[in-house]
Amino acid sequence: MMDRYQHWNVFAAVGRVVLLLFAATGRLAVFMVDGVSHCVRPPVYWRLILQQMLQIGYFSLPVVGLTAFFTGAVLCLQIFIGGSRYGAESFVPQIVVIGITRELGPVIGGLMVAGRVSAAIAAELGTMRVTEQIDALTTLSTNPMKYLVTPRLIAGVISMPILVAIADSIGVFGGYIVATKTLNFNGAVYMKNTANFVTQGDVGSGLTKAAVFGFIIALMGCYNGFNSKGGAQGVGAATTNAVVSASILILAANYLLTSLLFTQ
Amino acid sequence: MNGGAKIELRGVKKRFGSKIVLDGIDLTINTGDSLVIIGGSGSGKSVTIKCVLGILHPDAGTIKVDGEEVTRLSGRKRDEYLRKFGMLFQGAALFDSLPVWENVAFGLIQGHGVDRARARDIAIEKLAKVGLGPDVANLSPAELSGGMQKRVGLARAIAADPQIIFFDEPTTGLDPIMADVIDALIASTVRDLGVTALSITHDIASARKISNRIAMLYKGKIIWDGATKDIDNSGNPYVDQFIHGSAEGPIKMEVRR
Numbered sequence: 001m002m003d004r005y006q007h008w009n010v011f012a013a014v015g016r017v018v019l020l021l022f023a024a025t026g027r028l029a030v031f032m033v034d035g036v037s038h039c040v041r042p043p044v045y046w047r048l049i050l051q052q053m054l055q056i057g058y059f060s061l062p063v064v065g066l067t068a069f070f071t072g073a074v075l076c077l078q079i080f081i082g083g084s085r086y087g088a089e090s091f092v093p094q095i096v097v098i099g100i101t102r103e104l105g106p107v108i109g110g111l112m113v114a115g116r117v118s119a120a121i122a123a124e125l126g127t128m129r130v131t132e133q134i135d136a137l138t139t140l141s142t143n144p145m146k147y148l149v150t151p152r153l154i155a156g157v158i159s160m161p162i163l164v165a166i167a168d169s170i171g172v173f174g175g176y177i178v179a180t181k182t183l184n185f186n187g188a189v190y191m192k193n194t195a196n197f198v199t200q201g202d203v204g205s206g207l208t209k210a211a212v213f214g215f216i217i218a219l220m221g222c223y224n225g226f227n228s229k230g231g232a233q234g235v236g237a238a239t240t241n242a243v244v245s246a247s248i249l250i251l252a253a254n255y256l257l258t259s260l261l262f263t264q
Numbered sequence: 001m002n003g004g005a006k007i008e009l010r011g012v013k014k015r016f017g018s019k020i021v022l023d024g025i026d027l028t029i030n031t032g033d034s035l036v037i038i039g040g041s042g043s044g045k046s047v048t049i050k051c052v053l054g055i056l057h058p059d060a061g062t063i064k065v066d067g068e069e070v071t072r073l074s075g076r077k078r079d080e081y082l083r084k085f086g087m088l089f090q091g092a093a094l095f096d097s098l099p100v101w102e103n104v105a106f107g108l109i110q111g112h113g114v115d116r117a118r119a120r121d122i123a124i125e126k127l128a129k130v131g132l133g134p135d136v137a138n139l140s141p142a143e144l145s146g147g148m149q150k151r152v153g154l155a156r157a158i159a160a161d162p163q164i165i166f167f168d169e170p171t172t173g174l175d176p177i178m179a180d181v182i183d184a185l186i187a188s189t190v191r192d193l194g195v196t197a198l199s200i201t202h203d204i205a206s207a208r209k210i211s212n213r214i215a216m217l218y219k220g221k222i223i224w225d226g227a228t229k230d231i232d233n234s235g236n237p238y239v240d241q242f243i244h245g246s247a248e249g250p251i252k253m254e255v256r257r
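Chain order of the listed sequences is A and B.
For the first sequence, the residue numbers in our numbering are 1 to 264.
For the second sequence, the residue numbers in our numbering are 1 to 257.
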């Protein structure tokens, strides 16, 4: 008896998952449009934007700087090892700089900031949601989207490129240190090769990516925090979801952006 | 003192998924009234208030405030509309990132565009009205006790001189003495400011002190509505059971074993 209906359950389950996915995508899209549209509708909360830039950008500097340094260092070592098999060791500075500026600076920086900032935003807004602080904003004639979400989105889009520009420099410097201290490169030649090789396009595309990642990081933090429910556990789930979804979206967006920016 | 209808709910319905929370609420609150909605946990009291504030949209029915339909307001009109309200939340819902005075002044600074220095003066004046000295102004909400948080919440609710104040479970989580202090504070605030008040509570002693009218919400409907002094002679078995806090009666708690 049951066997006859078993395969229907599979369709039902798949259908349910697909519907939930569409519903979630739709909700996210509506949330995003609402958040972005407040950028151009007064009042603009400048103080909050600056405060968030401090939170998202400035306080992420140590972690992003350290990551970039070691990424540049290890990239230098690996390229040296790989290059030496073809006698191409001299290309180390060139490859380090394009590797860092195009890919590793924005992506690794983005993932680190996703872990740090998406989680913090989701936890903060999630707690505000479950303690009714977000409803309280509404009763004080303040739009919570405009007050909480929009400043974070703007701050994310502005801070990340600045952060990644610094990370790029530190990453190249990490490679330089390893090359000159352990691989016997001449420092002046290394720097000259780096500077001559890198183009505006390499750096610019990386910074474009960074802006998009900054948006994703802030959006996922806000969306998950804003929609959290059910007390401490709900806030915990929102935080996890924010980091996971931001990280996945960063990697997916990175592929899309790379194929758009580099294949003309 | 009592005027015409300030808030009017007609056939308001709201469901979450398959769960019907409000099943056709009809309720009129006159200007200057202090109405308390009583009802068990999960009977839809909070949802009713959130529908009036437009935080939730009812599925059916109309809500009129000052004769104006408000369920579909948006943008600037909604901001304008919300300026009529002040609300004291159950857990006070103070912004923990801001000091006490900025919490109280929040609506003035953000919603009414008052400059910060002046808003601070008003905040300190409102804090005095709820019995808190200026020394509290610079503390963070986390440093306050539950009763003090409620007072700050009340100061915030009255800061922008609203016409209507909502109280969501004002005495929940307070000791009996502090609960009485808060009740007295609410009663005097409502009387002195001449505002219209709508409270929700399941604390019947508190309801008696702060209201002149009581309505009982049960299974998504208003099943009784009358003057506070008549509540002991309501002739309604549901109300009787509720105000006596008895497990025996027509209201069966849905306890699953």
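Simulated from the structure, these hints should not be mistaken for lab results.
Heads up, some of the hints might be wrong.
As the list claims (entries may be wrong) - Reference listing, derived: stretches of chain B covered by chain A, where coverage requires no fewer than 3 residues with Cβ under 8 Å from a Cβ of chain A:
hint, region
1, 49 to 56
2, 84 to 95
Unchecked claim - In silico PhoX-like links for lysine-lysine, alpha-carbon gap of 25 Å or less:
hint, chain 1, residue 1, chain 2, residue 2
3, B, Lys209, B, Lys229
4, B, Lys219, A, Lys229
5, A, Lys181, A, Lys192
6, B, Lys252, B, Lys221
7, A, Lys229, B, Lys19
8, B, Lys64, B, Lys219
9, B, Lys129, B, Lys219
10, B, Lys19, B, Lys219
11, B, Lys13, B, Lys209
12, A, Lys229, B, Lys13
13, A, Lys229, B, Lys50
14, B, Lys13, B, Lys252
Each residue gets a CB set at the ideal place from its N, CA and C atoms; glycine is no exception.
Hints and how they fare:
Counting residues of the region 49 to 56 of chain B whose CB falls under 8 Å from any CB of chain A gives 4; the rule of at least 3 is met. A count of 9 residues in the region 84 to 95 of chain B with a Cβ less than 8 Å from any Cβ of chain A is obtained; the coverage claim is therefore met, three being the minimum. Taking the CA atoms of Lys209 of chain B and Lys229 of chain B, the gap is near 11 Å; set against the 25 Å cutoff, the hint holds. Between the alpha carbons of Lys219 of chain B and Lys229 of chain A the distance comes to roughly 24 Å, so the proposed pair stays at or under 25 Å and holds.
A threshold of 25 Å between alpha carbons decides the hint, and for Lys181 of chain A with Lys192 of chain A the separation of about 17 Å falls inside it, so the pair holds. Restraint check for Lys252 of chain B and Lys221 of chain B: the C-alpha separation of about 16 Å stays at or below 25 Å, so the hint holds. Only pairs whose Cα atoms come within 25 Å are accepted, and Lys229 of chain A paired with Lys19 of chain B is accepted, the gap being roughly 17 Å. For the hint linking Lys64 of chain B to Lys219 of chain B, the alpha-carbon distance of about 23 Å falls within 25 Å, and the restraint holds.
The straight-line distance between the Cα atoms of Lys129 of chain B and Lys219 of chain B is roughly 38 Å, outside the 25 Å bound, and the hint therefore fails. Straight-line distance between C-alpha atoms of Lys19 of chain B and Lys219 of chain B comes to about 11 Å, which keeps the hinted pair within the 25 Å bound. Restraint check: the Cα-Cα separation between Lys13 of chain B and Lys209 of chain B comes to about 30 Å, which exceeds 25 Å; the hinted pair is violated. In summary, the hint linking Lys229 of chain A to Lys13 of chain B is supported, as the alpha carbons are separated by about 23 Å, within the 25 Å threshold.
A threshold of 25 Å between alpha carbons decides the hint, and for Lys229 of chain A with Lys50 of chain B the separation of about 16 Å falls inside it, so the pair holds. With a C-alpha separation of about 23 Å, the suggested pairing of Lys13 of chain B with Lys252 of chain B holds against the 25 Å cut-off.
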